[in-house]
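Numbering-wise, UniProt numbering puts 155 at position 155 of the sequence shown, and it's gapless, one number per residue.
It should be emphasised that the hints constitute simulated quantities derived from the structure, not laboratory data.
Because the structure is a prediction, the values reported are computed rather than measured.
Among the hints, erroneous ones may be present.
[Said to hold, decoys possible] The calculated DSS-like cross-link candidates involving lysine-lysine, where the alpha carbons are at most 25 Å apart (straight line), are:
#	residue 1	residue 2
1	K139	K162
2	K120	K50
3	K64	K165
4	K120	K142
5	K109	K120
6	K50	K102
7	K168	K139
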Amino acid sequence: MTLSIFCLQIQCSTSTTCSNISGEDPQDALLYALGYVGVQDLLSVEGVCKFLRDSVRGDPLLWKSIHIDESLNEKIDDETLLLLTRRAQGNLQCLSLLECMKITDGGLKRVLQSNLKLTKLSVPGCIRLSIEGIVNNLKDFKSSGAPGISSLRIGGRYVTDKHFKELKNLLVVDECLPRKVHTPRFFHDDQSSCDDDRLIDIEMCPKCGSFCL
Numbered sequence: 001m002t003l004s005i006f007c008l009q010i011q012c013s014t015s016t017t018c019s020n021i022s023g024e025d026p027q028d029a030l031l032y033a034l035g036y037v038g039v040q041d042l043l044s045v046e047g048v049c050k051f052l053r054d055s056v057r058g059d060p061l062l063w064k065s066i067h068i069d070e071s072l073n074e075k076i077d078d079e080t081l082l083l084l085t086r087r088a089q090g091n092l093q094c095l096s097l098l099e100c101m102k103i104t105d106g107g108l109k110r111v112l113q114s115n116l117k118l119t120k121l122s123v124p125g126c127i128r129l130s131i132e133g134i135v136n137n138l139k140d141f142k143s144s145g146a147p148g149i150s151s152l153r154i155g156g157r158y159v160t161d162k163h164f165k166e167l168k169n170l171l172v173v174d175e176c177l178p179r180k181v182h183t184p185r186f187f188h189d190d191q192s193s194c195d196d197d198r199l200i201d202i203e204m205c206p207k208c209g210s211f212c213l
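Start from the sequences and build out the full structure, keeping to the hints where you can.
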């Protein structure tokens, strides 16, 4: 149990006493803090008490951004991912899957079908996701009437010129944002991040003309 979860458990078990003494509800602070907790800790928080379990499972805003890293990636398969993303109740905006070996093209398709507000997708190292599957899934996603993906990270895959052009055509450029000139990044630099404003983590090598991730 992490220190943060231990503190939540103590605060939750004493919330009634604290409320009676101060006249304020410490549960409000707990709910606020949950917005800054990652997926693994959110899942751990569920086991602290009924109040936190109901709060975590019932608040779709806590699941607007889902990042699965080394702490959970071996446990996440298609069905588990679908259940997690459903907690956002259609409000999922950012999905980051780092080396999730069990996620397939079909699993990603089901997630996209139920989360039309998704704008950022990162799937580096998800070896069961094919580049053809990603392209086809994004085609279906865009044709479904979704706003579209504005940030895509697919690090670790071979892409052809055809793939690159298809992906760029499927991504959405926010015309309201100022255009920036980006310095080329190579050698797998920070390829899993969705935090910058680049459309995609693919760039043409200035020497050989091939596409690098």
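> Given the hinted pair K120 and K142, is their alpha-carbon gap at most 25 Å?
Replying inline: The given pair, whose Cα atoms are some 13 Å apart, holds under the 25 Å limit.
> Between K120 and K50, is the straight-line Cα distance small enough, at 25 Å or below?
Replying inline: This hinted pair is violated, its Cα atoms lying about 32 Å apart.
>> Against the 25 Å threshold, does the CA-CA distance of K109 and K120 hold or violate the hint?
In response: holds (15 Å)
>> Check the hint pairing K64 with K165 against an upper bound of 25 Å on the C-alpha distance.
In response: Answer violated: K64 to K165 is near 29 Å, above 25 Å.
>> Just to be careful, I want the Cα atoms of K139 and K162 compared with a cutoff of 25 Å; is the pair within it?
In response: holds (14 Å)
>> Can you confirm whether the C-alpha distance between K168 and K139 stays at or below 25 Å?
In response: Holds, at about 11 Å.
> Taken at face value, is the distance from the CA of K102 to the CA of K50 at most 25 Å?
Replying inline: Not satisfied, since the Cα-Cα distance of roughly 31 Å exceeds 25 Å.
This entry does not satisfy hints 2, 3 and 6, going by the numbered hints stated previously.
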